[in-house]
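A.B. asks: From first to last, the protein sequence lines are chains A and B.
Just so it is clear: in the first sequence, position 534 is 535 by my numbering, and no numbers are missing.
Just so it is clear: in the second sequence, position 150 is 151 by my numbering, and no numbers are missing.
Take the hints with a grain of salt, since some may be wrong.
The list treats identical chains as one, so a pair stands whether inside a single copy or across any two.
As the list claims (entries may be wrong) - Here are the simulated lysine to aspartate or glutamate pairs, EDC-like style, with alpha carbons at most 16 angstroms apart: (1) Lys107 x Asp490; (2) Lys217 x Glu231; (3) Lys126 x Glu520; (4) Lys361 x Asp378; (5) Lys107 x Glu517; (6) Lys73 x Glu243; (7) Lys87 x Glu455; (8) Lys87 x Glu10; (9) Lys153 x Glu517; (10) Lys580 x Glu116; (11) Lys126 x Glu517; (12) Lys383 x Glu437; (13) Lys84 x Glu437; (14) Lys574 x Asp121; (15) Lys73 x Asp223; (16) Lys107 x Glu520; (17) Lys572 x Glu80; (18) Lys158 x Glu297; (19) Lys361 x Glu222; (20) Lys96 x Asp54; (21) Lys366 x Glu116.
These aren't lab readings, by the way, just hints derived from the structure by calculation.
There are 2 protein chains.
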Amino acid sequence: MHRTHTCGELTIADLGKEVTLSGWVQKSRDLGGMTFIDVRDRYGITQLVFNADDNEELRTKARELGREYVIKVNGTVIERSSKNLKIPTGEIEIKVADLEILNVAKLPPFMIEDETDGGDDLRMKYRYLDLRRNPVRNNLILRHKMAQEIRKYLDSKGFLEVETPVLIKSTPEGARDFVVPSRMNPGEFYALPQSPQTFKQLLMVSGFDRYFQIVKCFRDEDLRADRQPEFTQIDCEMAFIEQEDILNIFEGLTRHMFKNVKGLEFEDFPRMTYDTAMKLYGSDKPDTRFGMQFVEITALGQGKGFPVFDNAQLVVGINALGCASYTRKQLDELTDFVKRPQIGATGMIYMRHNEDGSLKSSVDKFFNEEELQKWADAFNTKPGDLVLILAGAQPDKVRKQLNELRLEIGNRLGLRDKNKFSPLWVVDFPLLEWDEETNRYHAMHHPFTSPKPEDIAKLDSDPGAVRANAYDLVINGTEIGGGSIRIHDKQLQSLMFKHLGFTPEEAQRQFGFLMEAFEYGAPPHGGIAFGFDRLVSVFAGLDSIRDVIAFPKNNSGRDVMIDAPATIDEKQKVELSIKTTV
Amino acid sequence: MHRTHTCGELTIADLGKEVTLSGWVQKSRDLGGMTFIDVRDRYGITQLVFNADDNEELRTKARELGREYVIKVNGTVIERSSKNLKIPTGEIEIKVADLEILNVAKLPPFMIEDETDGGDDLRMKYRYLDLRRNPVRNNLILRHKMAQEIRKYLDSKGFLEVETPVLIKSTPEGARDFVVPSRMNPGEFYALPQSPQTFKQLLMVSGFDRYFQIVKCFRDEDLRADRQPEFTQIDCEMAFIEQEDILNIFEGLTRHMFKNVKGLEFEDFPRMTYDTAMKLYGSDKPDTRFGMQFVEITALGQGKGFPVFDNAQLVVGINALGCASYTRKQLDELTDFVKRPQIGATGMIYMRHNEDGSLKSSVDKFFNEEELQKWADAFNTKPGDLVLILAGAQPDKVRKQLNELRLEIGNRLGLRDKNKFSPLWVVDFPLLEWDEETNRYHAMHHPFTSPKPEDIAKLDSDPGAVRANAYDLVINGTEIGGGSIRIHDKQLQSLMFKHLGFTPEEAQRQFGFLMEAFEYGAPPHGGIAFGFDRLVSVFAGLDSIRDVIAFPKNNSGRDVMIDAPATIDEKQKVELSIKTTV
């Protein structure tokens with residue numbers, strides 16, 4: 002037997018017990034004739050003591066153990082003289098009678114400590130060593146726990162988890178597909194699912210009523226911190242429901258998770274329309290952990306001879322609470338920040354509401370005290386506040402720029418606290434968005450999203466104004482997921498495909514099976530999908546989903562640990578009826 | 002609101018309630034001035050009644066509803082005059098006040114009934130309609146329930162579910178891989194995992210201690226009833242354990258499932274060595290729902306001048322209990338059965354133990370009454386029994402032939418009852434098996450399986466005799482899964498690769514990352530994987546895994562519903578740096 006207990010469970014209540022422990026050597030130190038070794042496993046750390054007076058040979062063997070050696074010891078639980086009350090096992094130690102080396106270890110390329118000296122690349126290559134570190138392992142334990150709670154909750158609400166296929170069919174709409182050549186059907190390819198969208202809708206046609214799945218999805222897109230080629234969705238669909246039912250069930254799920262995983266209780270989640278979110282935050286995923294909502298002062302700013310405002314379609318700003326003391330340097334930094342190419346503002350105007358009550362702006366040349374007071378009233382400033390204003394000819398762009406500035410101020414003021422959680426439903430998304438590149442409308446959510454019945458008439462006259470029964474859950478400025486009520490009527494679905502620029506033949510070729518299914522009695526239905534990786538990373542207070550994935554890929558889509566992708570044998574290609582062109 | 006209740010929940014306790022139901026029209030019938038409609042959803046069927054005396058127009062609308070129309074009704078729960086006590090809602094009906102057609106339906110290509118008139122091909126093409134049938138949906142509800150119970154049990158035992166990657170690296174050893182061309186790494190390919198084997202071992206190196214995953218795996222093999230290109234495994238691994246620990250935990254899992262899903266309790270599962278299973282049943286997955294163990298009578302059969310026995314290396318048979326009354330025609334059928342090419346016996350000898358106590362064999366020319374009595378003693382026959390005997394020069398082949406015959410007799414006697422469950426552990430598998438085709442040894446389980454320590458010395462002298470710490474769980478003659486204690490020592494792993502015919506370079510190229518990981522402190526570990534599809538199909542009493550998969554593929558690997566695989570755009574191939582050669 003390799004152990005009677007784990008390294009995390011022995012306490013003062015176990016004094017005198019004969020025990021066997023196995024684990025990794027965390028560290029060792031000598032003190033007089035004694036050697037102390039911390040042995041570690043997933044459950045904790047226990048101190049071992051070897052006394053030369055008792056057994057010189059055993060103590061010598063213990064001194065020779067290297068870091069990360071795998072050992073097994075027999076011994077007796079005794080009370081520690083110098084206690085460590087920070088860990089559960091800190092009051093005891095094991096007086097070792099027998100030591101067996103189960104495996105030796107080379108010196109790891111970085112320290113297996115909570116704070117490691119290993120860089121990203123090294124830790125990716127030796128991911129199996131990085132996974133030994135508490136913070137990394139704890140993220141994955143959190144992930145496990147969240148998956149268990151999700152399933153428990155959805156099962157209790159009558160949802161059935163149904164596995165949908167991974168080898169499906171490529172649909173050029175949306176992101177790029179990963180494809181898999183078929184050996185048995187030469188010249189043909191499967192595609193890996195970007196989501197189980199059509200299958201979950203078919204399950205509704207099948208009368209499954211409430212479906213969910215925690216499922217891997219795949220997108221062959223260029224990668225960044227928050228994207229991986231394979232990612233995991235909590236995918237759901239319900240029949241005979243309306244938007245309100247879905248919001249209630251999945252708000253319930255989120256509250257269940259907060260309560261059972263983080264011990265946090267929430268009031269009803271606030272809801273905000275897409276239009277309001279864009280107007281107040283310049284973003285459809287506002288970080289509502291802090292206020293600083295946008296205030297538009299276009300009318301106040303114009304007609305005073307300041308060309309930047311006079312030539313603008315929108316003058317809008319935020320009140321950076323308590324920032325009046327920002328130095329010239331800090332203000333220059335902010336101006337540089339908004340002028341960065343990826344943000345693209347041409348400049349920033351500010352107004353200080355000084356502690357003495359006076360108002361001082363960067364455009365005093367154009368605006369007198371009385372006019373600035375109107376600004377102050379509009380922004381509801383108090384002494385000590387700082388107003389930051391952007392302006393431009395394209396309102397949407399200006400709002401996006403101000404969104405970035407607002408988040409930057411939030412960061413600087415420490416308002417984006419990782420231990421605070423602010424959930425928000427954003428509803429009434431537009432059905433379509435204009436794509437400059439292809440010069441046509443695209444589905445904002447996906448082609449199966451239902452327009453609001455009262456807006457269907459506008460599909461021809463004003464497509465951009467048609468709202469959808471579509472909704473997103475946002476937490477702390479991160480889009481956790483979204484969904485919609487679907488079209489369940491073949492005619493309406495055909496009309497949508499037409500508006501999205503599909504020819505009837507294209508629509509038939511790609512989605513014919515779904516259109517046909519709709520002819521055999523499709524119920525009203527809708528659903529939602531949460532990004533599970535993102536949900537875990539938000540719960541863990543992390544910026545990147547990479548840290549909540551056991552074996553992530555790097556920005557080139559490589560797994561540097563196993564060195565994948567890799568070349569394959571010529572024989573395999575021949576069997577698959579393919580050639581490589583490089 | 003689409004419904005206040007489901008179609009499965011209203012009972013006599015709800016009399017007088019105003020309710021709203023939604024669902025599919027199952028069937029309708031007219032009786033005098035009334036129309037009765039069965040409305041169906043996942044939860045059940047409720048009878049609706051439309052009375053012309055109350056509302057002629059509504060009744061006319063109801064008469065026009067077709068099968069599988071999706072409807073919504075408002076009405077009052079009333080008591081039925083003609084009750085159906087077989088269903089929970091059978092004592093009530095809904096007197097309908099309002100009817101809305103939510104969607105029309107074309108006539109389905111087959112009946113949506115428990116017993117359908119649809120052939121396999123049609124039901125695969127319209128799988129979303131087949132899934133409406135109770136038996137098919139119930140299989141998937143069973144699957145959901147089993148997955149929930151598996152997770153509940155393993156979580157309670159400290160296992161963490163960790164998602165391992167789907168885009169990994171091709172390893173030519175084993176079955177054929179599905180591959181995925183990498184756009185970002187031109188000329189290179191990912192492979193889809195045949196199992197998460199190496200990743201779960203790395204998780205043990207990482208100290209995760211107890212891992213599991215219910216996970217999709219992929220094998221590009223030619224298909225048959227019990228194989229699908231994508232299938233689901235319950236994949237597990239544990240550190241610091243011995244074989245006994247794994248058998249206990251996963252026997253516990255299986256018992257938990259039997260109890261919580263089927264309401265069945267079991268004694269400790271019997272265990273049998275591979276050698277014994279082959280000797281007594283001619284199979285490493287014996288169906289132990291019935292006895293009829295093999296009896297070898299080589300010595301008794303030889304030296305009497307019967308050339309078939311005299312030239313054989315093995316004479317072996319079974320006692321087909323109570324079959325002495327088999328007619329000449331039935332015996333000829335059995336002889337034809339064993340002579341079929343896929344079984345390949347040259348003939349079958351029988352001996353009747355007649356009701357009057359006399360013995361009568363098909364080889365009376367060579368064996369007298371006294372000699373036949375020795376056979377009867379060996380097979381422990383009673384009056385009414387029938388002994389069936391095969392013989393041949395290759396004992397392994399003869400045993401396999403007799404295994405088929407035994408199963409056939411079991412079928413004919415109705416001994417393979419789908420409601421009876423007989424679990425069995427088969428242990429002590431050989432480490433290696435000789436492959437005639439490549440003229441070398443292959444790993445019977447996989448290359449990471451540990452030989453039994455006491456057999457390691459035989460690796461050079463008698464490789465075929467080396468036993469592994471490997472085990473299978475068999476239920477009703479179906480291999481549910483298997484596993485092994487792994488090698489955790491780099492030297493032993495290298496030795497194994499050598500014995501399996503890998504050059505050091507090949508081993509390094511394919512498994513270098515694992516070998517390297519073993520140098521950084523790998524703990525003793527082992528694991529097991531159950532075929533989830535098979536487990537569900539055994540629990541459901543089905544022969545094929547196809548019936549427990551929501552969207553299965555046919556024998557050419559095609560999804561005939563969505564018509565995948567399919568050709569892809571030339572542009573996609575160019576982006577992926579591949580060409581098709583057909």
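A.B. asks: Hint by hint, say whether it matches the structure.
C.D. replies: Structure-based check of all given hints:
{"no.": "1", "hint": "Lys107 x Asp490", "in the structure": "between (64 angstroms within a copy, 13 angstroms between copies)"}
{"no.": "2", "hint": "Lys217 x Glu231", "in the structure": "both (6 angstroms within a copy, 14 angstroms between copies)"}
{"no.": "3", "hint": "Lys126 x Glu520", "in the structure": "between (52 angstroms within a copy, 14 angstroms between copies)"}
{"no.": "4", "hint": "Lys361 x Asp378", "in the structure": "within (14 angstroms within a copy, 113 angstroms between copies)"}
{"no.": "5", "hint": "Lys107 x Glu517", "in the structure": "between (61 angstroms within a copy, 10 angstroms between copies)"}
{"no.": "6", "hint": "Lys73 x Glu243", "in the structure": "between (59 angstroms within a copy, 14 angstroms between copies)"}
{"no.": "7", "hint": "Lys87 x Glu455", "in the structure": "neither (62 angstroms within a copy, 45 angstroms between copies)"}
{"no.": "8", "hint": "Lys87 x Glu10", "in the structure": "within (14 angstroms within a copy, 54 angstroms between copies)"}
{"no.": "9", "hint": "Lys153 x Glu517", "in the structure": "neither (35 angstroms within a copy, 39 angstroms between copies)"}
{"no.": "10", "hint": "Lys580 x Glu116", "in the structure": "neither (47 angstroms within a copy, 48 angstroms between copies)"}
{"no.": "11", "hint": "Lys126 x Glu517", "in the structure": "between (48 angstroms within a copy, 11 angstroms between copies)"}
{"no.": "12", "hint": "Lys383 x Glu437", "in the structure": "neither (43 angstroms within a copy, 88 angstroms between copies)"}
{"no.": "13", "hint": "Lys84 x Glu437", "in the structure": "neither (67 angstroms within a copy, 65 angstroms between copies)"}
{"no.": "14", "hint": "Lys574 x Asp121", "in the structure": "neither (34 angstroms within a copy, 33 angstroms between copies)"}
{"no.": "15", "hint": "Lys73 x Asp223", "in the structure": "neither (46 angstroms within a copy, 47 angstroms between copies)"}
{"no.": "16", "hint": "Lys107 x Glu520", "in the structure": "between (65 angstroms within a copy, 6 angstroms between copies)"}
{"no.": "17", "hint": "Lys572 x Glu80", "in the structure": "neither (65 angstroms within a copy, 71 angstroms between copies)"}
{"no.": "18", "hint": "Lys158 x Glu297", "in the structure": "neither (44 angstroms within a copy, 58 angstroms between copies)"}
{"no.": "19", "hint": "Lys361 x Glu222", "in the structure": "neither (48 angstroms within a copy, 76 angstroms between copies)"}
{"no.": "20", "hint": "Lys96 x Asp54", "in the structure": "within (12 angstroms within a copy, 92 angstroms between copies)"}
{"no.": "21", "hint": "Lys366 x Glu116", "in the structure": "neither (53 angstroms within a copy, 87 angstroms between copies)"}
In summary, the numbered hints that this structure violates are 7, 9, 10, 12, 13, 14, 15, 17, 18, 19, 21.
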